[in-house]
Amino acid sequence: MLYLYSFIEIVYVILAAPLITGVQRSLEERIESKQGPSILQPYYDLIKLFHKESIVPQISSPVFRLGPYVIVMFYAFLAMILPIITAFPLPFAPSADFIGGGLFFGAAAAIKKFSAIDSRSNYAHLGTSRSASLAVFTEPIIVLIFIMLGVISNTNNPFVINNVLRSSPQWYFSLVHGFVLVAFFMVLIIETGQLPVESHSNGELGMIDQAMPFEYTGTDLAMYKLGSYMKTFILLSVFLNVYLIPFGVPMESSGFLSIIIYMGIHLLKLTGLIVIFALLNTTISKFRLYKNFDFLAVAFALAFLASLAYYIVK
Amino acid sequence: MSQHIIYILPIFFSFIGAVVCILPVRFVDRTMSVTASALSLASAVYLLFQPDYIEGYLYIDGLSKLLILTIALVYMSTVLYSLSYLKHIENLLFQHRLYYILLNIFVATMFFSVSVDNLGLIWVGVEATTVSSALLIATENNQVTVESAWRYVIIVSTGLVISLIAITFIYGSAGTLSLHELLLHHPDNRVFLIGILLGIVGFGTKAGIFPMHTWLPDVHGKAPAPVSAIFSAVLLPVALYAIARLIQIFPAHTIKLFALVLGVLTVAVAALMMTVQSNYKRMFAYSSMENMGMILIGFSLGGYGLLGAVVIIISHGLAKSSVFFLTGDVLSISHTTDMQKVNGLIQRLPRAASTLFVAAMAVTGAPPFAIFVGELFIFSALIAQYGWLLALVVILFLAIAFIAVNFKTGKMIFTGKENIKREHSRTETWVAIVNLVLSFLAVLFIPYFETLLKNLL
Amino acid sequence: MNQIFEVLGFLLIVFTLLMQWEIHVQRIIILFAASSFIIALFLVLLGLNRPHEENMLFVLAGLTIVVRGITIPVVMNKALHRLYKKPWRVREDKPMMGVGGSILLSLVLITIGYFIYQNSLYSVLKVRSGSVPFALFLQASLLIISHKHAYIQMIGFLVMENAVVMLSGWVFGGLPFIVEAGVILDLLGLVVVSSLIIRVRESSILREGDTYESELRG
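Protein chains in written order, with my numbering: chain Z, 494 to 807; chain V, 276 to 732; chain U, 59 to 276.
Just so you know, not all the hints are guaranteed correct.
Below, in silico cross-link-like pairs of lysine-lysine (BS3-like), each with a Cα-Cα straight-line distance of 25 angstroms or less [unchecked claim]:
# : chain 1 : residue 1 : chain 2 : residue 2
1 : Z       : K779      : Z       : K718
2 : Z       : K606      : Z       : K779
3 : U       : K152      : Z       : K784
4 : V       : K729      : V       : K531
5 : Z       : K784      : U       : K206
6 : V       : K686      : V       : K696
Here are the in silico distance ranges between beta carbons for each label pair [unchecked claim]:
#  : chain 1 : residue 1 : chain 2 : residue 2 : range
7  : U       : L163      : Z       : V556      : 38 to 46 angstroms
8  : U       : R186      : V       : T451      : 20 to 28 angstroms
9  : V       : A674      : U       : E111      : 55 to 63 angstroms
10 : U       : A92       : Z       : L772      : 18 to 26 angstroms
11 : U       : A92       : Z       : L674      : 33 to 41 angstroms
12 : U       : E111      : V       : T489      : 34 to 42 angstroms
I should point out that these hints are in silico values taken from the structure, not numbers from a laboratory.
A virtual CB, placed ideally from N, CA and C, is assigned to each residue, including glycine.
Make a model of the complete structure from these sequences and hints.
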């Protein structure tokens with residue numbers, strides 16, 4: 494039975510991920526008083542791309558072709574081990590703990606960079622170098638965030654952290670949790686590519702993540718896009734399910750029906766967060782490239798203050 | 276009660292002087308300042324013969340009385356000197372009235388600091404001296420002067436914040452800030468100890484103790500002569516008064532050793548810096564720093580060391596103020612503070628130059644001036660408590676300072692080409708001469724000082 | 059109660075971190091006013107916690123709001139308006155360290171303050187989380203050292219004084235009222251005098267540029 498839940502989880506993530514991005518784009522356009530694309534537009538794009546032929550640069554190696562598939566594989570694996578639709582560990586969950594999950598995100602990002610560089614395109618190099626320099630600072634913040642909450646609950650299991658946070662208001666309202674929330678939110682902005690770090694336009698002056706898939710076409714591009722949608726979905730789910738709103742995620746004792754119902758509720762929770770992102774995207778302007786490092790410094794400061802708050806208040 | 280009003284008379288007179296100076300009537304500021312200072316001096320001398328008064332918010336014992344006397348003497352001489360000096364400053368920042376108001380308030384806050392009973396109020400008084408003296412430094416409106424005034428404000432205020440933390444510690448561990456209660460019984464725990472140590476560091480910033488002395492040469496190099504005089508002569512000793520009270524409350528070995536080490540380091544650094552100076556005002560500023568180091572050593576030793584320290588306070592106040600008055604003279608006729616460019620003073624200003632020569636010797640500790648006697652007392656206590664080696668090291672530094680200052684001053688005064696005209700002195704030299712003579716006469720009053728300080732020795 | 063104090067203390071640390079980040083002087087003044095209000099709130103809560111010293115602490119909180127929260131920022135703002143044509147654009151022209159570097163240095167100082175407190179004073183004072191005022195003090199000294207603009211140095215000094223108020227209230231239970239009142243009066247005088255000095259200093263820097271370093275050495 495539990496294996497069924499794992500399978501449902503992977504399918505859910507793969508199917509629901511483009512929906513979130515579609516909702517965000519449509520909402521942004523509506524806020525700007527335009528009609529905008531339909532919510533299901535990313536699905537149409539993906540289906541169109543799956544029918545097209547993949548063209549590969551002559552100079553590239555098999556890494557270039559395999560990259561997107563490996564990335565989707567990683568994210569699907571992550572979907573199994575993180576608490577997305579359940580608050581109790583599913584059968585494959587013990588294969589990597591929270592910090593391992595963070596490192597898996599880093600591994601997927603690294604493979605993305607390798608396969609992008611492999612195309613020997615200038616834009617890919619541009620995007621890779623910028624993304625790598627930001628990742629140098631983002632990865633420690635992610636690890637610090639995960640460690641801090643792990644220290645609170647004496648474990649590195651995201652499910653246990655969820656249980657701790659939903660059952661004790663002392664930890665939910667503590668300083669550590671507050672600081673970690675804000676730091677994680679700032680990291681989310683960077684990792685999922687929202688303003689003020691990255692805009693949706695194609696200006697090369699500020700492109701970071703958008704410059705990397707410049708040479709992909711056809712099926713490869715479809716898998717690449719699916720991978721990035723899944724990354725957004727998983728990160729937002731972790732943020733909501735483990736940190737911000739750990740309530741309501743079905744525990745071990747609830748039945749199959751509650752899990753299905755929760756899948757819908759989860760989409761609603763995500764929509765709430767997407768609304769916030771859409772508001773950010775339509776009101777804030779983009780940072781100049783080197784100012785992103787100041788942004789990261791503040792995020793790091795907050796994550797560090799979380800750890801200090803834990804030790805000082807202990 | 277009417278008899279006890281006498282004890283706050285000095286504060287009262289200087290403060291009234293400040294208030295009256297606000298009136299925009301011509302000449303009232305100068306006459307009022309002169310009368311206020313004369314009355315303060317009279318009441319300070321009268322106070323010397325009154326018994327100690329430790330009641331309410333006041334704590335006036337021998338040390339306070341002697342400090343009040345020093346402040347009053349230097350106050351009077353500064354006011355008299357300012358009367359003529361202010362005419363020669365080129366680029367005044369503000370009107371004469373404001374100068375006198377600030378000067379009177381400054382002196383009033385100093386009188387306040389040495390008379391009150393509460394450590395917190397001593398802190399308030401010392402911080403108030405910073406506030407009122409900051410603008411006095413910037414009397415002459417050029418960029419360097421204002422910059423040095425700003426450095427003074429920031430560095431001293433930061434140091435005083437450290438001593439505010441110290442007062443917090445003291446209050447937290449002892450439950451009271453009143454001096455006479457703390458002298459009777461004080462707690463013996465580590466918090467109190469750390470509080471006193473931090474207090475020494477904090478007030479030491481105000482007194483120009485190493486390593487917090489960095490504002491001192493800048494300020495003295497750039498402020499006008501009467502302001503430098505009153506700074507060196509009384510402001511620094513008032514800060515050391517606070518340190519003396521702290522040591523008096525808790526004479527533990529750690530604290531005395533700490534103060535002694537700081538004092539020795541101050542003397543050493545000041546002596547070494549004096550040798551490389553090219554600006555005579557800065558050189559004399561370092562000489563003040565060296566004397567403050569000696570005073571701190573004396574306070575840390577207690578007994579005859581304390582007597583020597585008080586003797587140095589009084590005589591250094593008078594001698595250093597006369598030195599700075601004379602350098603004001605020199606500055607006003609040569610328009611430069613660079614020692615290389617000033618020479619032949621003995622021919623240009625014979626009276627001032629010869630007085631400067633004698634005063635420079637007095638300030639660096641030549642006999643028969645009182646500073647020498649004070650240093651002798653301190654050395655006797657130092658040898659008795661810590662042996663010959665440390666005393667010899669300190670004597671070595673004092674000798675370096677003596678040679679440096681007098682050589683450079685002598686070069687300024689005595690070398691020069693053949694016929695340089697004698698010039699007219701722009702300011703009153705007699706004030707400086709009077710101060711110097713008083714500094715010499717202080718030697719005769721040492722037995723009286725000893726009887727006054729009986730409860731401390 | 060203790061938790062609320064810790065939250066306020068950390069909020070102050072974050073505000074001081076923000077002050078370190080900011081460059082425009084007016085924003086730093088506003089942040090300082092906000093942190094003074096937090097100090098006043100802290101004093102009110104302290105008064106509610108200790109019933110026998112209530113009135114004094116409430117009066118002190120009121121004084122803090124009036125002097126540190128309102129008067130001093132207003133005085134500094136007026137001085138800015140008098141000195142510059144476009145006061146909202148006044149900023150630290152040549153920052154000594156970049157934003158990221160100064161934030162990291164601030165964090166290092168907070169950690170150092172925590173370690174020093176834990177290893178030395180905690181065993182003596184026995185108050186948990188008493189290292190927050192020390193961290194504030196160190197951060198404020200970083201503010202003073204790393205800026206050349208005189209207003210920011212002044213604000214750094216005032217933040218130091220705020221840190222001392224926090225220290226005395228949190229760890230020890232407050233200073234006697236007359237001392238606190240004297241401190242506040244002193245601060246007011248200091249700000250007024252400093253505004254005058256800063257006015258002259260900045261206007262002469264504007265006129266001549268800074269070429270005075272050599273005279274103040276040695």
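Hints, verified against the model:
1. A distance of roughly 23 angstroms separates the Cα atoms of Z/K779 and Z/K718; the hinted pair therefore holds under the 25 angstroms criterion.
2. Taken as a hint, the Z/K606 and Z/K779 pair is honoured in the structure, with Cα atoms around 23 angstroms apart against an allowance of 25 angstroms.
3. Between U/K152 and Z/K784, the direct Cα distance comes to roughly 17 angstroms. Compliance with the 25 angstroms bound is thereby established for this hinted pair.
4. Between the alpha carbons of V/K729 and V/K531 the distance comes to roughly 20 angstroms, so the proposed pair stays at or under 25 angstroms and holds.
5. Taking the CA atoms of Z/K784 and U/K206, the gap is about 22 angstroms. The hint holds against a cut of 25 angstroms.
6. Only pairs whose Cα atoms come within 25 angstroms are accepted, and V/K686 paired with V/K696 is accepted, the gap being roughly 18 angstroms.
7. Distance hint check for U/L163 and Z/V556: the Cβ-Cβ separation is about 41 angstroms, which falls inside the suggested range of 38 to 46 angstroms.
8. The supplied range of 20 to 28 angstroms is met by U/R186 and V/T451, whose beta-carbon atoms lie about 26 angstroms from each other.
9. Between V/A674 and U/E111 the C-beta distance comes to about 57 angstroms, which sits within the given range of 55 to 63 angstroms.
10. For the pair U/A92 and Z/L772, the supplied restraint of 18 to 26 angstroms holds, since their beta-carbon distance comes to about 24 angstroms.
11. The hint said 33 to 41 angstroms for the Cβ distance between U/A92 and Z/L674, and at roughly 21 angstroms that hint is violated.
12. Between U/E111 and V/T489, the C-beta spacing of about 40 angstroms keeps the proposed range 34 to 42 angstroms intact.
When held up to the earlier numbered hints, the structure conflicts with hint 11 and nothing else.
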